[in-house]
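Q: The primary structure of each chain is shown beneath.
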Amino acid sequence: MSDTSTQDAAGTQGLMKVIMASSVGTLIEWYDFYIYGAMATTIAKQFFPQDNPTAAFLAALATFAAGFVVRPFGALVFGRIGDLIGRKYTFLLTLLLMGGSTFAIGLIPGYATIGMWAPVLILLLRFVQGLALGGEYGGAATYVAEHSPASRRGYYTAYIQTTATLGFFLSLGVILTTRKVLGVEAFNDWGWRLPFIVSIFLIAISVYIRLRMAESPLFAKIKKEGKISKNPLKESFAHKANLKMVLLALFAAVMGQGVVWYTGQFYAQTFIERTLSVEFEQVRYLLCIAILAVTPFFLVFGAWSDKIGRKTIMMGGLLLAILTYRPIYKAMYNLADPKAKTEIAENSSVSKAIAVAASGDSTITTTTVKAFTDGSSMKTVKKETVLADKSKPVPKAETTKTFWLSSFGFWMMTLFVFIQILYVTMVYGPIAAFLVELFPTRIRYTSMSLPYHIGNGIFGGLTPFIATRLVDASKTTENPGGDPYVGLWYPILIASVCFVLGMLFLPSKNDENVMD
Amino acid sequence: MNSLKRLSGFLWILLGVGAIYLMAQQAGVEIAAAAKANKGVLDTKMFWYIIIPIFTPIMLGLCLFGWYAWKGEYDQIARDSEHLV
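Chains A and B are the protein sequences, given in the same order. The numbering of the first sequence is this note's numbering, which starts it at 1 and goes up by one. The numbering of the second sequence is this note's numbering, which starts it at 1 and goes up by one.
Chain A on its own, in the form it takes in the complex (with noise of 0.2 Å):
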């Protein structure tokens, strides 16, 4: 092996432990903060006023998006932190107050023992989450970006934009697997904690990891030459220059890519879950396995942008999401319709339950089992409360429905899944090295995180709460259910917006010298 080849393959060892030790950290703090949204219903019951579960699951999520609105916040802090003391030190703060906070959120007792100070205790805890990843993304990508050499910066920086997906199946994995182990009586009573808790051993493994890092060389460089900003905030923002690359990532790119995001990861579940009634494990399992299937596509694309440019595949994604998310939500739909469904009469049933409390008040439960000729089933829980005291007024009648998919059904649901995180792939993949190669190093950490983490923090991660609150504006007495497609119009329009302005502000190629 010539000299070269050896010292070749000693720096791309190099890196791959560089990438690894960021990605570790990174994958922990979206496994923290995804964590949450994995768990946004049974949150919602423990923390939140029960009177009216809607209420309840829209403030569940209201305080997930809490997390989302500060992650700017986040970034302008820690960004200029990064930019000011350094890039490691940031981000080993941030790994520190996001697992600190996780750990937080599963020792707060519920709205049952402690009433209001509950959700409020909830929220602020999600403000420092939010404010930690804030600080963290933009420090990993920047770290491992000005490791990369410029011909395959792209690829490298691909592995920190898996963590994201890998944070959330992580989550998933951790809640399926503690559902499992305790059982969904002792998971909805106390084992819900379990995911949360963990997390503070998770984050000991990550600082370690990360304590054992190197500063990244193009800081420590310019901190040498004493290039480093006095004021990277004023230089971010203040200078027309740099403020109209910082609007130009922000409308032009990250927004499309985070409603892209969080449509693909976090409506494609609302929808499935809480639209088609699927039932819990089964919407688990086919997004984990969605998940595994698609994120070696991050890297795939990564690599490819290398080659033909990040804009090429970003822009693709998007207008490949644009076209097809209604036809696919409207199949995803059809998959779990029990109306276009042939009912086995002989395999359904109907039973009724009375239980009559000390008070004298007695509740009905009627349960309804449908079983339908393509193997999936369908079973719906109604209870009845009948007061003793015949002045009081009736209470509203409760109304669960389960649905469980067929083996075709399942394969089905996984693969439209699969397509839509396909998308996320091919806008996701090349973003980190795009929005690296946009701003110089004085100023990168700051000037790359506002406009990620509006575009991926507000934009995207607002997209279920948006969505499913426009799915509730257009319930009417005729229409109960509401239109169930409605809330795909605000991914749509915010993506269709990004790709116009994409296709003709864009440049087809950043400047690949990062050393400035």
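Since the hints were derived computationally from the structure, they do not count as laboratory data. Some hints could be false.
[What the hints assert, rightly or not] Label-pair ranges, simulated between beta-carbon atoms: (1) B/Ala34 with A/Gly183: 35 to 45 Å; (2) B/Leu64 with A/Val381: 46 to 56 Å; (3) A/Pro296 with B/Pro57: 30 to 40 Å; (4) A/Phe280 with B/Gly18: 40 to 50 Å.
From the three backbone atoms N, C-alpha and C, an ideal C-beta is built for every residue, glycine too.
Dock chain B against the given chain A, drawing on the hints supplied.
A: Frame of chain A, contents of chain B only:
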């Protein structure tokens, strides 16, 4: 291409202003309707109290982007970081 970029600037300004107006108008209509029906008032208010303060500054940013485009600031996108600062 540059003329198209400049012309589209007007569209982004319009889009930003229009989005702010539509959000405010829709919030007013929905909150009033919820209050009249005495149903979901808190949910409706919560939604709009989150959406409006978050998206208004972002839409102003879109207007600024449009203004820069209109003035031809994006005719030449800096391909070299030296021209950025």
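Q: Work down the list of hints and note, for each, if the structure agrees.
A: Each hint, compared with the structure:
no. : hint                              : result
1   : B/Ala34 with A/Gly183: 35 to 45 Å : holds (40 Å)
2   : B/Leu64 with A/Val381: 46 to 56 Å : holds (53 Å)
3   : A/Pro296 with B/Pro57: 30 to 40 Å : holds (38 Å)
4   : A/Phe280 with B/Gly18: 40 to 50 Å : holds (41 Å)
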